[in-house]
Each structure stands twice: as structure tokens, then as C-alpha cells.
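Enquirer: Sequence:
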Amino acid sequence: MKLDTIQKDALAEFGNIGAAHAATTLSQMLMCPIEMTVPDVQVVDIAEIHKYVSNEISAMIVFQIQGEVADGGYVIVSMPKQTIIQLTNLMLGTGDPDRDINEMDRSAAIEIGNIMISAFLDATAELLGIVMLPSPPALAIDMAHAAFESVVAQMAGEVNDVIIFNTMLTSEAPPVYGGIFMLPNVDLMHQLSLMLERLMEPLS
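Note that the numbering used here has the sequence shown beginning at 112, numbered continuously upward.
Just so you know, these hints were derived from the structure itself, not from any lab. By construction, the Cβ of each residue, glycine as well, lies at the ideal position given by its N, Cα and C atoms. You can trust all of the hints, since none of them are fake.
So the derived label-pair ranges between C-beta atoms look like this:
| id | residue 1 | residue 2 | range |
| --- | --- | --- | --- |
| 1 | T205 | V155 | 30 to 38 Å |
| 2 | I252 | Y163 | 14 to 22 Å |
| 3 | H301 | E167 | 27 to 35 Å |
| 4 | G206 | K119 | 35 to 43 Å |
With a cut-off of at most 20 Å between alpha-carbon atoms, the simulated DMTMM-like pairs for lysine to aspartate or glutamate come out as follows:
| id | residue 1 | residue 2 |
| --- | --- | --- |
| 5 | K119 | D156 |
| 6 | K192 | E222 |
| 7 | K192 | E214 |
| 8 | K192 | E260 |
| 9 | K192 | E167 |
| 10 | K192 | D253 |
| 11 | K162 | D151 |
| 12 | K192 | D207 |
| 13 | K119 | E237 |
| 14 | K119 | E159 |
Let the hints inform the model, and build the full structure from the sequences given.
Expert: As C-alpha cells, then:
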């Protein structure tokens with residue numbers, strides 16, 4: 112799926128609505144002001160995803176897309192090791208940025224991923240008029256590329272495109288970065304394409 116400028120702007124708006132919802136909940140959970148934005152959105156062929164995923168150790172929180180689009184594909188939050196540790200430190204008031212990932216970080220990653228994905232999928236109801244819900248999450252701490260290969264293998268050719276929302280989260284601490292990867296199956300991708308076209312009709 113190739114996006115023109117208006118379509119890309121519409122997806123970015125969808126991402127930023129979700130990011131704003133997520134930031135509000137994260138602010139309450141972390142008890143400090145949080146801002147979260149989606150400065151960049153890309154749609155790439157599933158065969159090219161390796162070019163957009165690093166080999167660094169990351170927390171990958173994987174959800175199946177459910178709701179009105181049962182078995183609609185997957186959505187994944189990817190956060191580098193340093194981002195997870197920084198967010199856990201914010202959550203618990205600890206301050207060791209150089210430690211290894213522990214069970215607290217794993218729990219924090221699942222909770223933060225749940226908040227982010229629930230907010231992003233809630234944004235679809237507001238902007239696109241379709242309800243998508245996340246399944247219970249699965250967590251993998253691995254090289255991001257290896258974790259993606261495992262998820263893609265499960266899709267068995269049902270996915271052609273990946274929508275990448277690059278995220279930036281800022282607070283009193285230095286900014287942290289991550290990505291939200293939506294892997295819609297062919298039917299859901301078609302629905303998303305049609306909904307984006309309808310959204311853009313008033314602008315044409």
C-alpha cells in the first residue's frame with residue numbers, strides 16, 4: 112500500500128490521537144507529566160521489515176487485533192532495553208540506568224504496552240469508526256529482528272503491509288523512543304485503506 116501525503120497525514124493524526132490518550136494514562140501511572148507524539152509514520156512491505164527493525168535487545172509486547180475485526184492481525188510495541196529500564200525507573204522512583212532487565216521491568220513493559228496499544232486502538236473508534244481491541248499481551252525480550260521473524264512466521268502470508276508508528280515519549284527525564292507496528296491482515300488493511308479514503312473526501 113503506497114500512501115500519498117494526505118493519507119500519511121491521516122495516519123499520523125490517528126497515531127497522535129492514540130499517543131495523546133496513552134500519554135494521559137501514563138502520566139497518571141508514572142505520577143509525572145508525560146507527552147507522547149508520533150513524529151513519523153511509514154507503511155512498508157512485510158518483506159522489507161528487516162530494514163526498519165534493529166538488532167538491539169528490546170522488549171516486544173505482542174497483541175492480536177480483535178473486536179469488530181476478529182483475528183485482524185497483530186500489533187506490536189517495541190521498546191529498546193534502555194527505554195524499558197528508564198520507564199521502570201520513573202514508575203518505581205529508582206535510578207540505576209545501567210542494570211539488566213529484571214522481572215519488574217518485564218511487568219512494567221507489559222503494563223506500558225497495554226496502555227499504549229489500548230489507547231491506539233481506541234483512537235480507531237474516534238477517527239476511523241471501527242472498534243479494534245487488543246488480546247492479552249505476550250512479551251518477548253530478545254533482539255527485535257528475531258522477535259519479529261517469529262511473529263511474521265505465524266502470519267503465514269496473511270499480511271502484506273506493516274504500518275510503523277515511530278513514537279517519542281518525553282517527561283522530566285530524557286526522551287525515550289519506541290515503535291508501534293501494526294500488522295493488519297489483508298482484509299483489515301483493505302478496510303483501513305477505504306476508511307482513509309473516506310476521511311480524505313472532504314479535503315479533495
